[in-house]
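A.B. asks: In order, the protein sequences belong to chains F and S. Each number in this note's numbering comes from the position in the first sequence (counting from 1) with 1 added on. Each number in this note's numbering comes from the position in the second sequence (counting from 1) with 45 added on.
What the hints contain is simulated information worked out from the structure, not anything from laboratory work. Don't take every hint at face value.
SDA-like cross-link-like pairs, simulated, lysine to any residue; straight-line CA separation at most 25 Å [what the hints assert, rightly or not]:
| no. | chain 1 | residue 1 | chain 2 | residue 2 |
| --- | --- | --- | --- | --- |
| 1 | S | 165 | S | 181 |
| 2 | S | 273 | S | 257 |
| 3 | S | 273 | F | 89 |
| 4 | S | 273 | F | 93 |
| 5 | S | 165 | S | 202 |
| 6 | S | 165 | S | 76 |
| 7 | S | 165 | S | 194 |
| 8 | S | 273 | F | 224 |
| 9 | S | 165 | S | 209 |
| 10 | S | 273 | F | 126 |
| 11 | S | 273 | F | 87 |
| 12 | S | 165 | S | 86 |
| 13 | S | 165 | S | 151 |
| 14 | S | 165 | S | 146 |
| 15 | S | 273 | S | 175 |
| 16 | S | 273 | F | 204 |
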Amino acid sequence: MIPSRRARTRGTSLLAAAVLLVVSSSGCDDGPPPQLCDGSNGLRLHAYSAPAIGRTAAGSAVEIENGSYTLVVDEGCRYYVTAPPVDGVNARFGELRTGILDPAVAQQLAAALPRGQLASLGDCGGVPLSDSSPLVVADLTSHAACAGTFGTRFRGAWGAVVQVWPGLWDRGEAMTGAVRVAASPAAGGPTDVVYPWPLEQPLAPFVLGESDLNRAGVSRLVPTPADAAAMRDLRARHDRGELGWNPPGSGIFTSDGETGAFVYLRDALPHENENGLLPF
Amino acid sequence: MTQTLRTRLLCLLATVAMLLLGARDAHAGTWGNIRGTAKLFNVNGNYCPTAANCTGSTYPQATYGTYVPWSNAIVKVYDSAGVFLGQGSTATDGSYNVAWSSPSATAPSSVRLRFFTQHKDGRFSLMEANGAGYNVYTGLFGTGHNGYSPSDTYRGTTYAGSSGAPLGHPNAYWAAERLWRETLSRVGVLQTNFTGVTIRGFQDTISGFMPSNRADKCETSCAWGPTKQIHLNTAGAYAPQSRIMHEMGHIASYWLHPWFIEYDQATTLHYDWDNASPDGWNHTTAEWGLVGFEEALATHFGSVTFWAANAIAPTTCLASSSHCYFPSGAPIGSADLEHTSWPYDDPTNTCIRTPVGSEVVEERWPLSHMRFLWDVYDSHNDADGDTYSAANGCWWCQFGVLAYYGDGNYWHEINEAWVYFLGVPWAFAHGDARASTAYEVNYAQTFGHANELSLLRASNCGPP
Chain F
2 MIPSRRARTR GTSLLAAAVL LVVSSSGCDD GPPPQLCDGS NGLRLHAYSA PAIGRTAAGS
62 AVEIENGSYT LVVDEGCRYY VTAPPVDGVN ARFGELRTGI LDPAVAQQLA AALPRGQLAS
122 LGDCGGVPLS DSSPLVVADL TSHAACAGTF GTRFRGAWGA VVQVWPGLWD RGEAMTGAVR
182 VAASPAAGGP TDVVYPWPLE QPLAPFVLGE SDLNRAGVSR LVPTPADAAA MRDLRARHDR
242 GELGWNPPGS GIFTSDGETG AFVYLRDALP HENENGLLPF
Chain S
46 MTQTLRTRLL CLLATVAMLL LGARDAHAGT WGNIRGTAKL FNVNGNYCPT AANCTGSTYP
106 QATYGTYVPW SNAIVKVYDS AGVFLGQGST ATDGSYNVAW SSPSATAPSS VRLRFFTQHK
166 DGRFSLMEAN GAGYNVYTGL FGTGHNGYSP SDTYRGTTYA GSSGAPLGHP NAYWAAERLW
226 RETLSRVGVL QTNFTGVTIR GFQDTISGFM PSNRADKCET SCAWGPTKQI HLNTAGAYAP
286 QSRIMHEMGH IASYWLHPWF IEYDQATTLH YDWDNASPDG WNHTTAEWGL VGFEEALATH
346 FGSVTFWAAN AIAPTTCLAS SSHCYFPSGA PIGSADLEHT SWPYDDPTNT CIRTPVGSEV
406 VEERWPLSHM RFLWDVYDSH NDADGDTYSA ANGCWWCQFG VLAYYGDGNY WHEINEAWVY
466 FLGVPWAFAH GDARASTAYE VNYAQTFGHA NELSLLRASN CGPP
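Turn these sequences into a full structure, and let the hints guide you.
C.D. replies: Below, the structure written as structure tokens:
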């Protein structure tokens, strides 16, 4: 039998009253926010800038595929960061540092970026700037992303991240593990600055095919410590301009005698998958 | 007239002249002019390499890695204490003749010149990241002023940068100035509207530059039309087509016919056609028509600056500070403006139409919009066998088509993306508005060639 409208209304009212009773008996206090790093397995936070892959140099996606400017925090409060996105500091994309968050910073981040509720921060508002890169704050179950225009909530959250970022970078230690490498074919540009390829294995397998030049997740892992150190040394020499000048953003022009290519590399992250991508 | 009388008369004239000059010195100080030429060492990428078919290239490799004129830029004169003495500008060939004056009765012992990356007519100013006026300056030099007559000083050629130490600001200025002089200045409405553009670089983050609530971080460069502002990123100096020319293209696009850009569309329209991932665009990603066309048009202005309408193998580089050809000379596919489908070695030119979620729907690529715009511009049929061209003897007419759009929000009018209520836009409704279809219709209404336009759009995978 279908209950009358009045009966259904009365039933709904009773249900609402019961819900109110339960809520009031348990209290409306949500309690302290969840700890940022509670020791359980997995990543906790990923704050990053997501520039368009392809709007950077062909083959360079490996450097920015997990965010150009990026901050990652795992379950043990270990963090990984690029140089911070602040005036006058330009990240050498792909170079990260690592360290342990101190409790005050962890609490500050947990308060600004409530776990599982990041979508509520997405008050972007307005039309994005042309070509702006989205800024993203993400955890396992929620995320917010704004491209070039921010409301109060997102600005506050991102601002909290940027506030602690320089300190994390300054206190962080250089990464020492594996690196990920990709290369784009040298298009025959007039460059005299050729850095020798530092690995025993040939350069050719690292050179991407045309369809992969602007794709994420196509780099190769260089896992052995000695080879990874050699690649980092190559990067450092290029940063110092040891053999001369290359246009900024164009990669390290490298040759092993057989193959010439622009090489890009990034410090590998413990939580990335076999393709080099983080889970969120 | 005796010798004595002539001598006395000359002495009298000389005395009068000296009195006059003395009076002038006492009241007007000293003055003069400085002549010379300014050049910059050019290492902008996106040139046409010698291995490629460079028919129609206006930026061949011979111009790369050499000194080029610092054209149509502001030049200022200062004394050794930094006191401003005068201002002029370079010409297109880099030559200048700048007047200076000093209120002092005695000429400054030495002066210097400062060459700015600011357009002489105020079209655009390329500033340092902190807003200061970037300039390259000479050492101090004497004017040779003798205290009585104006001096005329020739400084020879001033060279900015070198092969081992090129300078970013002058390089980006070179590309910007060419874009304005060779392309944008041809459009009447831009002669009126494209002025006072402020560009800052080169940093990924520039706090407080863009209007309130807009990003201060932009690692692939950004533009905001309404306030005519451009933020160039760290590596924004030597990749002209994708950076300074492209961002200036956004400003030009907006000011051809300002549209209702302020509406909060962020939750309805992202850069992605599938709205799936928070990333930006590139040549071969599927975008909503409005966004894909806007990016293509912004790029197109730079493409036609570097390539004439008779070009056979034109490219537009997405990010490269080198060029966009293989060593063999063949264009890299994703930069190739002329071929009608990609991969272009597909003999059937079949456009990729896989489902939306995979983001490879070729009709929605900015590159497809670019190829359509290119074919409207070029003066010949496509090399791959298509047999139509819209060339109508007015190759620059296409740059200003947006100015002819209707003002409303009906089909193909400038604000067709929005729904109005009581004359006020209140909802975003049409993600494929103000795109290639609208361009085709408005071009045909203005300049004719309706059939050709329709075929050209269809033959480039039919961008919306």
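A.B. asks: Quick check: which numbered hints come out false for this structure?
C.D. replies: 4, 7, 8, 9, 13, 16
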